[in-house]
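**Q** Protein sequences, first through last, are from chains A and B.
To convert, take the position in the first sequence, counting from 1, and add 854; that gives the numbering used here.
To convert, take the position in the second sequence, counting from 1, and add 105; that gives the numbering used here.
Hints listed in this document are in silico derivations from the structure and should not be mistaken for laboratory results.
Where hints are given, some of them may not hold.
[Claimed, not checked] The list that follows gives simulated cross-link-like pairs (lysine to aspartate or glutamate, EDC-like), each with its CA atoms no further than 20 Å apart:
1. B:Lys431 x A:Asp948
2. A:Lys871 x B:Glu667
3. B:Lys673 x A:Asp919
4. A:Lys1008 x B:Asp408
5. B:Lys700 x B:Asp777
6. B:Lys399 x A:Glu1033
7. A:Lys943 x B:Asp493
8. A:Lys929 x B:Asp565
9. B:Lys416 x A:Asp948
10. B:Lys666 x A:Asp909
11. B:Lys399 x A:Glu974
12. B:Lys193 x A:Asp919
13. B:Lys399 x A:Asp980
14. B:Lys678 x A:Glu926
15. B:Lys416 x A:Glu964
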Amino acid sequence: MILSLKNVSKTYPNGVKALDNVTININAGMFGLLGPNGAGKSSMMRTIATLQSPDSGSIHLDGLDILNNKIEFRKTLGYLPQEFGVYPKMSAHDLLHYFASLKGITSKSERNALVDKALEVTNLSDVRNKHVAGYSGGMKQRFGIAQLLLNDPKLIIVDEPTAGLDPAERHRFLNVLREIGTNHIVIFSTHIVDDVKELCTDMAILNGGKILAQATPKQMTAALAGKIWTTTVDREGIEQMQQDFNVISSNYNEDNKLNVRVYGEVSPGDAFAKAEPTLEDVYFTTLSNDKLLLKLKSHNHVLNNIYTRSKNLV
Amino acid sequence: MFSTIYTHEVKTWFKKPLFYIYAAVLFLLSLLISALAVGVFDSDNVTVTSAIKLNGAVGIYSLLGFFAILTYLLIPSIIGGTIQRDFKNNMHNVLYSYPLTKWNYLLAKFSAGMTMTLLIIIASLIGITLGFYLPGANEELVGPFKIMNYLQPFLVYIIPNVFFYGAIVFAITAFLRNVNIGFMFVLVMIILQFAAGSSVPTMDDSYWVELLEPTGDSATYSQIKYWTPEEQSTQLIPITGTLLYNRLIWLGISLLVFIGVLFAFNFSQNPTSLSLAKTKAQRVTKKNFGTITKVVMPPATQDLSFFGQLKTAWIIAKSDIAYIVKGWPFIIIASVAFAFSLLTMLITGQQYGTDILPKTWVMLQFAGGIFSTFAYLLIYLYTGLILDRAKAAHINQLVDATPTRNWTMLLSKFIAMVVMVATILLIVILSGIIIQAYNGFFEFELPLYLFDLYVINIWDFIPWIMMSLLIHTLIKNKWVGLIVLLVLAIGIPPLLGAIGVEQGQFIFNQGAGSPSPSDMNGYGSGLGKYFTYRVYWMLLGIALFALAVLFYRRGMGTSMKERIAFAKARLSKSIIAVMALSLLGFFAIGGYIWKVNNLDNEQISGKEQEELQVNYEKDLSKYGKAPQPRLVAVNTFMDIFPDTRDFKAGATYTLVNQTDVAIDTLHVNYPDRPTEITLDLESDIVKDFEDYNYRMYQFKKALQPGDTLIMKFETENKPNTFFDNNSPVVDNGTFINNSIFPSIGYSDQFEIRNTQIRKKYELAPKDRLPAPDAPGARDNNYIGGNSDWIDFEATVSTSSDQIAIAPGYLIKEWEEDGRKYFNYKMDSKILNFYAFLSGRYDVKRDEHDGVKLEIYYHPDHDYNVDRMMNGLKDGLDYYNDSYTPYQHRQARIIEFPRTGGGFAQAFPNTIPFSEAIGFIADVDDEDKDAVDYPFSITAHELAHQCGHIK
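Isolated chain A, as found in the complex (with noise of 0.2 Å):
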C-alpha cells in the first residue's frame, strides 16, 4: 500500500504558500510528519482528507487518483483533525452511530459491532452514554480515534492528536495508534519529536509548505552521527557561542548555565564533548539550514544522499 504525493501545491488566498511542490511517497506503517506551528502540516492533512483542493499536483492511493475519486477514497479513510466540536447533548454511543452511518455502514447490526468495537478499543465504554461534550480533552481525543475506526480505514489521518494531553493520555493515545498503524499507513502530524522517536517507522520534516527531509527516525539520526558536540557554558558565554559555532539548541541545566548542542564536521574544540545525535538534533539542524537535507527513496528504504552540506554548515 503506498500512498504517493505529487507536486502538491496550494496557496490560500491570504498569499501563504502552505503547500510548496510537495512530492512525497508514504507507506504503510506510522508515519510521522514533523514540523513546527505553521509549517503546512494541516494543510497537507487536509488535501490528502479531500478536505481542500490542491492548486495542483495529484495524489494517489495505490492508483486511486482521490482528488478525482474522493467518496470512493474516503470509503477507505479515518480523519482526525486537529481540532474538532461534537454536537451537543450527544452521548458517544449516539455520535458514533451517527458516524457509522456517515461512513456507509447500512446495516445495524454491523454498526452495533463497530460502535462497541471502536468503544472497547479507546476504553470509552464506561462513559458510552455520556454527552460527548462534556468529556474531558483526553477522552474526546480517544473519541475521535473511535469514530475514524468505524469504517475500518487503510489509511488515517491524525493531525497534532498529542497537543494537550497529559503524559498517561498521550502513552495511551499513540499506544492505540501504534497498534493500528502495523497494517495500516497511519499519517500522523506533531510538533512533538519525541512523538516520532518512539513510534514511527517513517518520518519526513516538514516546514514553509516543503519536504526538508524524509526517512526513517533511526536514518535521521544517524545520518548526524559524530557530528553533535555538546558544552556547557555560562549564560554570559552565549552570544559568543553562537556567533562561532553552529548552535543546534541550548538548554538552561540546574546550575543555571547552558547546556548547549553544536554541529560541526570535526569537534569544535577542547570544551566540546561528542555527543549521540538525538532526533531532536536532526530536527532543529534541517530547521535551520530549510534545504533537503535527506531523502530517502522510499520503495528500497536504502538511504541515499545522506546528506547535502549546505553553505550554513561550515
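On the provided structure of chain A, position chain B as indicated by the hints.
**A** Frame of chain A, contents of chain B only:
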C-alpha cells in the same frame, strides 16, 4: 473606555458586508413598496388609489411599520450578534480578564447595535421617501413634504420599539449566548402583535390590549380609527391617552430589562444554565493507564449504492430532526403557535357573538392558517440552521471527510425539514382536536385532518424547502440567507406584480391557492388544478435541489470562484439528467398551464380589466338611455349534471315595449360561453362588441309600443377539464343564479366607481345614488335590470340522487333517462332574480299559518334546523303583522357549500343559505349578548320578501 468599544463595534459593522446587505435590501424593498403604493407602476398595472395621502404621519407610520417588523427580525443578528461575536470568537475569555467595567462594555456594545439597527431603518425610511417622488408617482396620493410626518413615527414608534426588542434580545444573548432563542423571541412577539392587531377591531373594550401591546399599534389604531381621510392625510398622530401610557409603560419595561442586564451580567466564561435540576457534584479521577489492546475492527460493509445512501440519508436526517424538534426554539414556537390558535379561536371564531361549531374545516382554517405562517418562517430559518449545524459545532471536518455523497447530505436536510413541517401539521391536528374537545364537540373527522394536511397542504411547503436549501447553500451567512428568503417570499411577488406579472405560474410556488374543504362538497373541482401547480413547482424544486447539490458546501471554506469550479466538477451525468428531466417536466406542465390560461381562455390582466371597464363605459354608456323592451315573463329550463359538473340551460323571455316610442334596436348582454339567441322578429346583428359581450339587434320592423317580443336562448358551459373548470356546477350543492343568463340593455353595474380612477381616465364623476326625483332614477327596481315583475316558470333537472330547486311551487316531478326533473311555477309575479340549486339534501317540513316551510340541509348539518324553522315561523308572524302578508304559500331554505360563499340570499320563496353560517352555529341560549343568528338570518332573509324591503 465606552467610546473605544463603541467606535470599534460600529467600525466593525461598517466593514461587514452584512450591514450593507441588510440596509440595501430594506432600502430597495421600501422603495419598491412605496413606489407601488403611490402608483409609479400604474402604466403596467391596475391604478393604485388611496383615500389618504401616503406621506402624512399616518401613511408613513403604516408603511414604515411594515419594514420595522422586518428589521425587528434582524435585531438578533445585529444587537445579539454584537455581543455574541465575542463568545463566538472566544474573545470573551481574554476580554473579560481585561480591566473593563461591565457597564462600559455592555452599554457600548448595546448602543453600537442600536445605532446599526436604526441606521438600517433610516435606509428604509429614505427608500420610502424616494419612492414618493419617483417619476410616475400619482400626485393625488402625495401631499406636501413635512419633516414631522417622518420624525414622529421614527421617534414615537421606531426608537422605543427597537430599544424594547433590542433590550430583550440583548438579555437573551448575554445570558444564554444563543442568538437563535433571541430570534424566536422576536418572532413570537411579532406574531402576538399581529394577534393583537387582528383582535382589537372586534373587541368591545380593548383598553388593556392597547396598554399591553408592546409596539403601540393597537393604541394607535384606536386613536385614529374614526379619523376622516382628510385628518389621516394631514394630522400628526396624537400622543395621548392609552398611546401615551403605552409608550411610557414599554419604555419603562425596556429600561428595566436593560438595567437588569447591566446588573445581573457577570464576566464569566460560561453561559447561564437553563437547567432546573442541579446534577450532583462528583469527583472524577482517571483510571486505566497504559493498557494495550489489539485493534482488529469487525467487518465494515460500506454500502454507497443509491438505496444504501437513501437509508443513510434517513438515519442522519433523524439527528437533525431531533435537533430541531427537541430544541427549545422549536418547542417555544410550537407552544406559542398553539396558544395563539386557541386565542384566535376564542376571539374570532365567532359571528355576532355566537360561536360557530368547531367543525374540522373550521379548525383547519384557523389553526392551519396560523401554523402555516410559522411553518414558512421556520423553514426559512431552520434550513439555514441545519445546513450550518456541523460547521457551528466544529464537527464539519469529521462529517465532511466521510464517504457520504453530497446529495445524500442535502437529502437528509430535506427530509428533516419535511418531517419538521409534518410535525407542525401534527400540532395543528392536536390543537384542532383539543379546541374541539374543549368545546364539547366530538366529531373529530380525523381522516379530513389527515387528508387536508398531509395529502394536500404539505405540498405547499415542499418547493419552498427546496428553495431554502438552495439559498442557504449558496449563501453562507444564515441571517443573510433568511432575509433573502423573506424578500423572495414577500418582496418578489409585489415586484412582479408591479411590472405586470400576475399569472400564478410565473410567481414561485403560486397558482391555485390552497383548496379548502366543504362539508357538503368536499374539495370540489379544485384539486386537479392544485396538484397540477404543485407538481409544476415541485419539478422546479427538484432542479433547485440539484443545483444546491452542485454548490453544497463541503470541506474548507472556499471562494466563489472555487465553488463554481467545484460545481462544474460535480456536474455528473446523473445530476444533468435529473436537472434536465425536472426542467423538461416543469416547462411541459408550464406550457400546458399557459396554454389553458392564455389560449383556451382569455387572460385579462388587472390593467386590461380596468381599461376594459373604462372603454365599456366610453363606448356603450351612450346606449344607457336607449329605450328597451321590458322583461315580463321567463320560462326557463336548467339541466344540471353534477357528475361532470356541466349544465345546459335556456329560457324564453317575453319582452314588451312599455315605452311610448317604437324600438328598433335590442341591446343584449350575452354570457361568455356558447350561447344561441333567437328572436321572433326579423332582425340583423348590427353591432357586436365581443370584448364586452354586448350585441345589438336591429329589427326589420320596429317594435311598436305595447308590442311583444319573444327572445329564446340556449347556453351551456365550455367543457371542464381536470385543470380548467368552466362551470359553476358542483358535485353537491350547486347554486347558480340568473346572472349567467343574457340580459337586456346597458348596465352601469360594470362601470368603475372609484373617483380617482375615473378622474385618471377622464370619466365624468359618478353619482353614488341619484336623487329620487332625478329622471330615470326610478325606472328600474333594485335588481334585475330592464325588467318589471315577471311571471316565472322553471324546469330543473339533475342526477337521480339529488333534489333540484328553483323559485316557484313544485308542479310536477318525474324521472326520465335516469335523471330527475322538477317543474316549478310561480303563481304570483316575482322580481327578475332567481336561482337554481341542486344537492343531496335531507328535508325538514313544517307548516305555519298556511305557509309551507321547508329546509333542505346537508344530512350532517342538523344542528340548528329547528332554530331556523322557528326563525321562519316567528318571522312570518312578525312581518305579517308589521308589514304586508307573506306573498307566497311556501318558504324554503336551501343549504349550499361554503365554497360558494358565506351568505344567505333571498329569492322568491327560496332562500339559499351557506353552510358556513347558521347551519353550524353553536348557539348559547344562556348568553343574552350572543345573537342566535341561525334564527335571525333566517328571519332577515324572509323579511326581504315580506313587503319587499331591501
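**Q** Does each hint fit the structure? Answer for all of them.
**A** Going through the hints against the structure:
Distance restraint check for B:Lys431 and A:Asp948: the Cα-Cα separation of roughly 15 Å lies within the 20 Å cut-off, and the hinted pair is therefore satisfied. Restraint check: the Cα-Cα separation between A:Lys871 and B:Glu667 comes to about 17 Å, which is no more than 20 Å; the hinted pair holds. A hinted pair counts as satisfied when its Cα atoms are at most 20 Å apart, and B:Lys673 with A:Asp919 qualifies at roughly 18 Å. Between A:Lys1008 and B:Asp408, the direct Cα distance comes to roughly 17 Å. Compliance with the 20 Å bound is thereby established for this hinted pair.
Distance restraint check for B:Lys700 and B:Asp777: the Cα-Cα separation of roughly 19 Å lies within the 20 Å cut-off, and the hinted pair is therefore satisfied. At most 20 Å may separate the alpha-carbon atoms for a hinted pair to count; B:Lys399 and A:Glu1033 meet this at roughly 6 Å. Using a Cα cut-off of 20 Å, the hinted pair A:Lys943 and B:Asp493 holds, with the two alpha carbons roughly 17 Å apart. As the CA atoms of A:Lys929 and B:Asp565 are separated by approximately 38 Å, the hinted pair breaks the 20 Å bound.
For the hint linking B:Lys416 to A:Asp948, the alpha-carbon distance of about 17 Å falls within 20 Å, and the restraint holds. Straight-line distance between C-alpha atoms of B:Lys666 and A:Asp909 comes to about 13 Å, which keeps the hinted pair within the 20 Å bound. Restraint check for B:Lys399 and A:Glu974: the C-alpha separation of about 10 Å stays at or below 20 Å, so the hint holds. Taken as a hint, the B:Lys193 and A:Asp919 pair is broken in the structure, with Cα atoms around 38 Å apart against an allowance of 20 Å.
Between B:Lys399 and A:Asp980, the direct Cα distance comes to roughly 18 Å. Compliance with the 20 Å bound is thereby established for this hinted pair. Proximity of B:Lys678 to A:Glu926 is assessed by CA-CA distance (about 17 Å); at most 20 Å being required, the pair is judged to hold. At most 20 Å may separate the alpha-carbon atoms for a hinted pair to count; B:Lys416 and A:Glu964 meet this at roughly 14 Å.
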